[in-house]
Structure formats: C-alpha cells, structure tokens
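Novice: Chain order of the listed sequences is A and B.
For the record, in the first sequence the residue sitting at position 256 is 256 according to UniProt numbering, with numbers rising by one throughout.
For the record, in the second sequence the residue sitting at position 294 is 294 according to UniProt numbering, with numbers rising by one throughout.
Among the hints, erroneous ones may be present.
Treat identical chains as interchangeable: a pair holds within one or across any two.
What the hints assert, rightly or not - Okay, derived cross-link-like pairs now, SDA-like style, lysine to any residue, Cα gap no bigger than 25 Å in a straight line:
no., residue 1, residue 2
1, K511, E267
2, K129, K505
3, K505, P113
4, K511, G433
5, K508, H426
6, K505, R465
7, K129, S421
8, K511, Q459
9, K504, R465
10, K410, L487
11, K420, W54
12, K411, N343
13, K504, P390
14, K411, K508
15, K511, R465
16, K511, D214
17, K415, V60
18, K420, A139
19, K324, N170
20, K324, S245
21, K505, S466
22, K396, N494
23, K484, P390
24, K505, R172
25, K420, F133
26, K511, S466
27, K269, W54
28, K500, R262
The hints are simulated quantities; they were obtained by calculation from the structure and are not laboratory data.
This structure is a prediction, so every number in the text was calculated from the model and none was measured.
Number of protein chains: 2
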Amino acid sequence: MYCNDKCMLLLLIASAALSACFCLHLHKDPVTYIPSDNSVVENGAKNYKWSEEWLYDVPVDHFSFSNDQTFRLRYLINTDHFLTNGPIFLYTGNEGNIELFAQNTGLMWDLAPLFGAAVVFAEHRFYGKSQPFGAQSYARVNNVGYLSSEQALADFAELIRFLKTERLLNARRSPVIAFGGSYGGMLSAWMRIKYPHLVQGSIASSAPVFWFLDMSVPEDAYSHVVKRSFLNSGCAEQNIINAWSALEKLASSASGLDYLNRLFHLESKSHLNKSSDWLMLREYLEEIFESMAMVNYPYPSNYLTELPGWPVKVACGFFNSTQKVSAEESAQSMYALMNLYYNYTGKRETFCINPIVCDDSAYAALGDPFGWPWQSCTEMVMQQCSSGPPNDFFVKNCPFTLEGQLTYCKKIFGKIGYTKSIMRPHWTILNYGHQYPTATNIIFSNGYLDPWSAGGWSQKSEEIRSLVSIIIEDGAHHYDLRGKHPLDTDSVKNARRLEKLYIKKWLKEEKLHSVKKNSY
Amino acid sequence: MYCNDKCMLLLLIASAALSACFCLHLHKDPVTYIPSDNSVVENGAKNYKWSEEWLYDVPVDHFSFSNDQTFRLRYLINTDHFLTNGPIFLYTGNEGNIELFAQNTGLMWDLAPLFGAAVVFAEHRFYGKSQPFGAQSYARVNNVGYLSSEQALADFAELIRFLKTERLLNARRSPVIAFGGSYGGMLSAWMRIKYPHLVQGSIASSAPVFWFLDMSVPEDAYSHVVKRSFLNSGCAEQNIINAWSALEKLASSASGLDYLNRLFHLESKSHLNKSSDWLMLREYLEEIFESMAMVNYPYPSNYLTELPGWPVKVACGFFNSTQKVSAEESAQSMYALMNLYYNYTGKRETFCINPIVCDDSAYAALGDPFGWPWQSCTEMVMQQCSSGPPNDFFVKNCPFTLEGQLTYCKKIFGKIGYTKSIMRPHWTILNYGHQYPTATNIIFSNGYLDPWSAGGWSQKSEEIRSLVSIIIEDGAHHYDLRGKHPLDTDSVKNARRLEKLYIKKWLKEEKLHSVKKNSY
Chain A
1 MYCNDKCMLL
11 LLIASAALSA
21 CFCLHLHKDP
31 VTYIPSDNSV
41 VENGAKNYKW
51 SEEWLYDVPV
61 DHFSFSNDQT
71 FRLRYLINTD
81 HFLTNGPIFL
91 YTGNEGNIEL
101 FAQNTGLMWD
111 LAPLFGAAVV
121 FAEHRFYGKS
131 QPFGAQSYAR
141 VNNVGYLSSE
151 QALADFAELI
161 RFLKTERLLN
171 ARRSPVIAFG
181 GSYGGMLSAW
191 MRIKYPHLVQ
201 GSIASSAPVF
211 WFLDMSVPED
221 AYSHVVKRSF
231 LNSGCAEQNI
241 INAWSALEKL
251 ASSASGLDYL
261 NRLFHLESKS
271 HLNKSSDWLM
281 LREYLEEIFE
291 SMAMVNYPYP
301 SNYLTELPGW
311 PVKVACGFFN
321 STQKVSAEES
331 AQSMYALMNL
341 YYNYTGKRET
351 FCINPIVCDD
361 SAYAALGDPF
371 GWPWQSCTEM
381 VMQQCSSGPP
391 NDFFVKNCPF
401 TLEGQLTYCK
411 KIFGKIGYTK
421 SIMRPHWTIL
431 NYGHQYPTAT
441 NIIFSNGYLD
451 PWSAGGWSQK
461 SEEIRSLVSI
471 IIEDGAHHYD
481 LRGKHPLDTD
491 SVKNARRLEK
501 LYIKKWLKEE
511 KLHSVKKNSY
Chain B
1 MYCNDKCMLL
11 LLIASAALSA
21 CFCLHLHKDP
31 VTYIPSDNSV
41 VENGAKNYKW
51 SEEWLYDVPV
61 DHFSFSNDQT
71 FRLRYLINTD
81 HFLTNGPIFL
91 YTGNEGNIEL
101 FAQNTGLMWD
111 LAPLFGAAVV
121 FAEHRFYGKS
131 QPFGAQSYAR
141 VNNVGYLSSE
151 QALADFAELI
161 RFLKTERLLN
171 ARRSPVIAFG
181 GSYGGMLSAW
191 MRIKYPHLVQ
201 GSIASSAPVF
211 WFLDMSVPED
221 AYSHVVKRSF
231 LNSGCAEQNI
241 INAWSALEKL
251 ASSASGLDYL
261 NRLFHLESKS
271 HLNKSSDWLM
281 LREYLEEIFE
291 SMAMVNYPYP
301 SNYLTELPGW
311 PVKVACGFFN
321 STQKVSAEES
331 AQSMYALMNL
341 YYNYTGKRET
351 FCINPIVCDD
361 SAYAALGDPF
371 GWPWQSCTEM
381 VMQQCSSGPP
391 NDFFVKNCPF
401 TLEGQLTYCK
411 KIFGKIGYTK
421 SIMRPHWTIL
431 NYGHQYPTAT
441 NIIFSNGYLD
451 PWSAGGWSQK
461 SEEIRSLVSI
471 IIEDGAHHYD
481 LRGKHPLDTD
491 SVKNARRLEK
501 LYIKKWLKEE
511 KLHSVKKNSY
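Using the sequences provided together with the hints, build the complete structure.
Specialist: Below, the structure written as structure tokens:
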C-alpha cells in the first residue's frame, strides 16, 4: 500500500515505513458545503437538507472516572419524514467532517420517507467540528489519547439516548438502524455488537472488520484487489509494470527528469531533481491507482474527487496498448491517469506532488491531518503492503512489520508523547471479536472490486442468525450507501433491495418482541 | 438499607445519606489464607489448592491512549483436571480479595473434574493485591478513576487471551465459562454480553443487574425481601418493630443507656452516651438483619462470618414470643441477634459498634475500604432505602435521592478530587442494557429469600435464547455457587443440576459451531 508511504510524505516523513491509514481519506474532501447552524446544504445532483446540532456534556472518557471533562459532539439531523416512534437512521460517523458522509450516503435519504424515519449523522470525536479539546485536541497524547473507536461508540450511545428522550418527540420506542461505510461501517457493526439494546440493526458497508493482526487477511490483499479491478476493466498488466520501469529509467538522466517535470506539469517547488525523486512520483501515482479502485462508480461522481463514470475503465484506455511502446509513451499513460484523477474538470494547470513543500495535502484538506494516523498508531493497525507481481502491479514493499509501523508513529507523534506501549495492535480483535457468535441483524456488504473487501466479513451461506453477507460483484467502496442513480448496476440495486427488505424485517421483529417499557 | 448509613459511619461520616455499597462486603473477610506464590490454601471443610499468579502489563486504561501505564493483575489457578482444549472456568472477581471467592465458589471446584476444566479466579482491579498504583491506588481521583466495571471486564479479556495462548498448553480452542456471584455475577453476565467471542457461557448468580436508575426496581425492595426472609423463618414482625422502640426508649434515660452498654457488652470507647446514640446501635443491628438474610444457608458456614445452619431461623427464635415483653426483654432479643451473628463461636467478650473509633471496621478488614464506595459514587448507583412498615420492619429513611448520594460521595472522596460530574448514574444501564436482545448462554440464578434478588434478571418463561432464569426458592445470596453439602436443599441441588446441564449444552454447541481457526 503505497498510500501509506504517501501519508508519511504528507507528514514530512521521508522513510518508507508503512502506516495503515485508509486511502479513502487521504484525499481532499471534494464536497462543497456551507457549515453553519441550521444550514441548508446543496450537493450537486442531490439536495439534502439538515440542521446542524450538538450533543452537549459528552464525557471525554466514558469508561473511567479519572477525567471528568466533557465536550460537545456535532450531529446533523433531518426529521421531515419522521413519524411517531418511527425509526432513527443513524450514520455512525468516521474519519472526516460529517457533512462528507451526509452528502454521500444517499441510501439513508432515499429510504427515510419510506420508513417514516429521522435521519441523523453523528460526527466522530476528534474529526470535523467535534474536537474535545478544541484547537489543542491533537497537541498532546493526553488529549488525542481519547480518540478511540470505543469512546466514539459510547458517544453514539449517549446520542441515541438523547435523541429518544429529549431531542425527538414521540421517539422513546423508536428503533435505531445504524449505517456506516468503511471505518464507519466497522463502527455501525460494532455498535450493534456492543450495544444491541440501543441499535436494532446495522448496514455495515465495505467495513474491513477483520483487517487486523491475528486474522488471516493477507498483507498484500489490498494491492491484489486493485490489480483485479484494473484488469477487469481492460488494463494490460504488463503495460503498468513497464510504466514504472519507464519512469525510473527517465529519471536516471537529466534530460529525462526534465521531460518528466514538463510532462507531469509539476510546479517548480515539487520538481524531480535527482534520480531517486522518481520514488515520490511513483508513490503519488500508486495512490491514484489505489484510490481510483475505491471510487470506481458507474456514473460521474465526486466523492473523493470529480471523476467520470467507470473511471478505472477510462484509465485502462491509457494502458491497453498491444504494441511495444517507448519510455516516453509509458510515462504519458501515467500522466493521463493522474490528469484523469486530479483534473477531470480540466481546471488545473499544474500539479504539486511533493508533500513536504506542497500546501494542498490531502490531510490538510480533510481538516484533521493526524486523525487516522493516530488511530493507525493505536488500535487500528492494519497490515498492508505490496508484494509486487504476480500479486499486484506495484513495486514490492512487503513485509509489513510492527517495527516499521512504530517507526512511522514515533516520527509523527513522538514529539507529543507517543511511546511504543501506546500501540495495541491486538486490542481491536480481542475487543470486538474474531467472530460474532451472538450478533444478529447486521448486513456486511462488500464490493468485489473494492480493495477493502478483502478484510470484510463474509460467509458462504447467505445468512447466519440474520448476519447477512452481500457481495456487489461490480461494486467499489460502499457503493450501496450512495443515493440511487439511473446508471446504477443491477448488483447494487439488488444489494439495496435486500438492505431495504432486511431493515423492514428487523423493524417488524422489533415491534413484535420489544419490551414495552424503557425502550432506550 | 441501613447498611449504607453504616458505610458512612465506618468512613467517619455521620450524615444519614445513602450509599449503595453491597452489604455483602461490609464485613470482615473470615477466611484464613496464606498469600504466597504457589501457596496451598486450606479452608475449613474444603481444601482447595491453587497457584497464585500474575498477568503482567495490563493496560490501566483499555479504552483510550492517554495513559500508557500498566499494572499486574492477580489470578489464582488450578489445572489439576485440565484436559487438552478443555474448558476454562473463570471466576470474574468482584469487590474483595480474590481468595474469598476462590474459597466460597465450590461449584467451580466440584464441576472442574467432570469437565476436564482449568479453574481460574481473576481478581478485580483495585481489590486485593491487584492495585494498579500500589499504595497510591486510592490516593487521587486520577488513580482510582480507573476502577470501573468496563476496565475490569477488559482485564478479564486480556487474561483469557493470555491463558489460552501463553499460560496453558493446548488451550487455544478452550471454551471459557464465566462464573460470578453478586457484583461478580453482574460481571460474568456482562462478560458474555460484551465479549461473547471470548466467553461461551456464564453463570451469573444473584446478580442485581437491573438495580439501577431507569429501571423499575423499587428503592425499598431490599428491605422488603429481608422482611420476607425473616417472616418466612418464623419471626413475629411486630416483635422486631417493637424492639426498635424499646431501644430508643431505653436510650432516653441514663439508666437505660447504662443498661444497653452492659447488655451489648460495648467497649467503653463505643459506649452509648446520649439518647441519639441509639441510632448508631440501630444501624449496626439493621445491618445484621440485612446481612444475615444474605447468608442464610442451611448448614454452618463462614462466608461473611461464622454462623449456624439457617441462621435466620435461629435468630427468629429470639423474636417469636406471643407474649407482651418488656423493653429490656426486647433489647435482649436484639443482643441475642448480634451475638449470634458476630459471636457464634463464643470467643468475643466485647463489641465495638462505633465505626468512628473502632479499629475492626469491616472496610479495613476487607483491605480496600474505598473500593465499593467509589463504585457506588461513579457508575454503580443503586437506589436503596427503607420505607418502614408495611414494606419492611426497619425505620423509614426513604426516599433515595441522587443529591443524598452525592453528599455522601463528596464527603468521602471530595478531598481526593471528586466532583459531581464524576457520578454517571445512567451509564451502567445505557452501556450494558435494559434488556439483552442478542445475549445467549447466561444463567441468571436468584434466591427467593436473597434481598438482592429483587434487582435480578428473571423471565416468566424459563428460557429465551438460552437466557435462563432460575429461582432458588429457599435460597440466599449466591447459594448455588457454594460447594455441595449434605444439608443442601432440593432447590439448590436442582439449580446446580440445571447449571451443569446448561454448561454441558453450551460446550457441546460450541464444539459443533466454533470456527476452527483463531479461537481466542
């Protein structure tokens, strides 16, 4: 996962150690929003409206009593369709501003009128505007230490109680359905697993719940699915492999470097000046392959960046030559890929690829540049690397090691007090489970072409105790959570149809079996 | 619950505010043990042997990363009967030295040979020798703040991993059955609820899991069941009510005070000197009623104190007169009760009832005088008080109020940094649930004559998804956990028979359904 190296570069670290941050959120949030109280937000084709509100007095630490500080957690809410004791659709926010998820989880908006549901998007602590220590939230280990998945789940538990007993009228018996994608999907599943009395069912989309040590996910699985996605879309594998060699070759001469600087429209401050600089370009491009595989939707979209429909197929048009091509031509294919991913609208004239000097880093755009890196240095230690051909078409950087990850973490967080003992790579699986022997009412949906699917829960039999595995055969990253679209594929339509049916089933069962008193 | 007032007196607090500490552990630990590594411990009739061991490097805080301190947790273990991948019987320790529970949970010792099980007793953090900050564990809110039920459960999770992967040979596929009584029973149930992948079933004996705000347990329920227990054993209710009046009347004169001091063999430092001192005597006696109801076993026992079989019945022999008796005779009945409870062996010559000046307070004997008080001031806020006749035969001190509890807590813990915001009385139910919609494989056993049974889980139908409710009709506090005895009642024999059957069933199902890889 070269994305990881990119993270480090973005954070001014030049080493090749690995982090496990989600590529998903290494990118600039492309969504325009107007963050103000009771704002009306418009999002391109969709027009979702919400009120921006706050849950006050949330304990910074739910599980101990050494720290009695509290903070306010942000959530977005729409009750236009809410009926008495109707369901609450709760998005369990992940690593980013909550507006991003509100605007890209059309499934909730589409289903709400059909179920008489309230729609709520809860922001994850330490992201967006939900900063427990304000501007100092990431300034000390003592502060950022409270950024953890269990604390976030407990925030959501408190929010559910508040919504049902105070915020909403006639909601004391409202069932809650959790929705989430990616890390947010993990949270929605874990919410049902740890708080089944508060959440009656969960849609956990593209949640790599098993991408941890102690489990059997191969460390090079991500890269492998990236390759699968691109080859499925018509890329000639060897052309991509050759292109890396071509870049390296061109970078070995002064004229070649000059060619690359011009070809890639690199700003002068991020010029390639010496042979080894080609690594920087390589990592930048690898990350594009990895990210594009995630957002390979069939219609134009702007989740991570503006892209045409089936962008991987478009990209493969640059890599499907059956002729032998020159080094320059190979490099041109790579430039075309980059221009497609970062400049589909054609507005950019130059690119800045050196995160040490470039201001437009993805982390900065996200708003919380140290959020996911912190999580990947504490409990979300996900083993990822590339083993090269035949597994994938990247350059080998396996194996993943804890030592390498620690080196990365110390470089970023050492100055604020990070030590080796803060990393607990076995905790997530020990805490949430390597299997879910009593869990019910969770849909784990995964896209066959989504690289994260390799760490998802799936089961050969379709259903175990209403734990449901849905594989969307032509699906990318949490495609099913998106709003319906005329170009939707049959497989995503089928996934959403099943999701709707299961939610209906869960709500019906809840109504039949719920204990009537004290329903929160 | 006058026990609560006693707690405060023990802690040099004279107010009448209430705490929710378990009477169970206000008493001196009567068990003799030799605490040393690999010690062999003998316990009267029973002869249980264990090795005293430690789990090292346990995080002080499992759920955040602000504090990377670790400590060592004590556990007792016996593997004499352990077979390859046999079950691990794990006692989830509660508020006291772990030896107390090892010696009084004969059920585990009795069943172990039949199942080829390892027997493990895990100490609860901040009790016994498991002090995360050594002698400073209770010195500051910053330290004792890490005394919480969720942190304790996570300790047990880490212990299970350690036992299965490091400590025990051939135990990677060992299922774990949790056992616990009282607060330990709550922990064993919550362990299955929160960590079903680590614990395959739980015996939660006399666990008042619902004795919290937001639930429907009446605040005077404890006192009511005490009364039920005593009246069932032949006490004449009016005689007890009259005795309180008699004590108050005697205390109203100098000669009466003198009489009481002599009658109760009070040490001079705890003499009753003025009329209002009778309250101190009353609270001391009320606590005896309340505690005796808990340990009303059919045979001589020494769990909280040495007692004859059916001690409540013996005590009722002092209160069953059908004649009108004098004030002195009423007082003599009360003295007989006290002498039975605290001096069954006849070795004591005097009594010290004033906790402000007496050294032999129950808390001091327990070793962690502030443990349960702390828990009752943070998350274990259990509403309890006495409403007087006809509910019970005590003097009314209802209603229970959070303000009263806070006053108590501030008096004890104010000087180490306790503030109002540290108390979170709604958290326990929000966290663990007001119902258990997905839980399986838990037996909730309760004694009909155990005052704590009023807060236990029960269900009219015998079984829901293998959540089993067993009521032991002549049972006191976690009677079923005790070792078998020739005088055992049919109802406890039946309870243990069912428990054995269910454990067998759970283990069989686990064997059939378990995912073979990675079983911890």
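Novice: Which of the listed hints are not met by the structure?
Specialist: Numbers 1, 2, 5, 10, 12, 13, 14, 19, 22, 23, 27, 28 - these are the hints that the structure violates, sorted from lowest upward.
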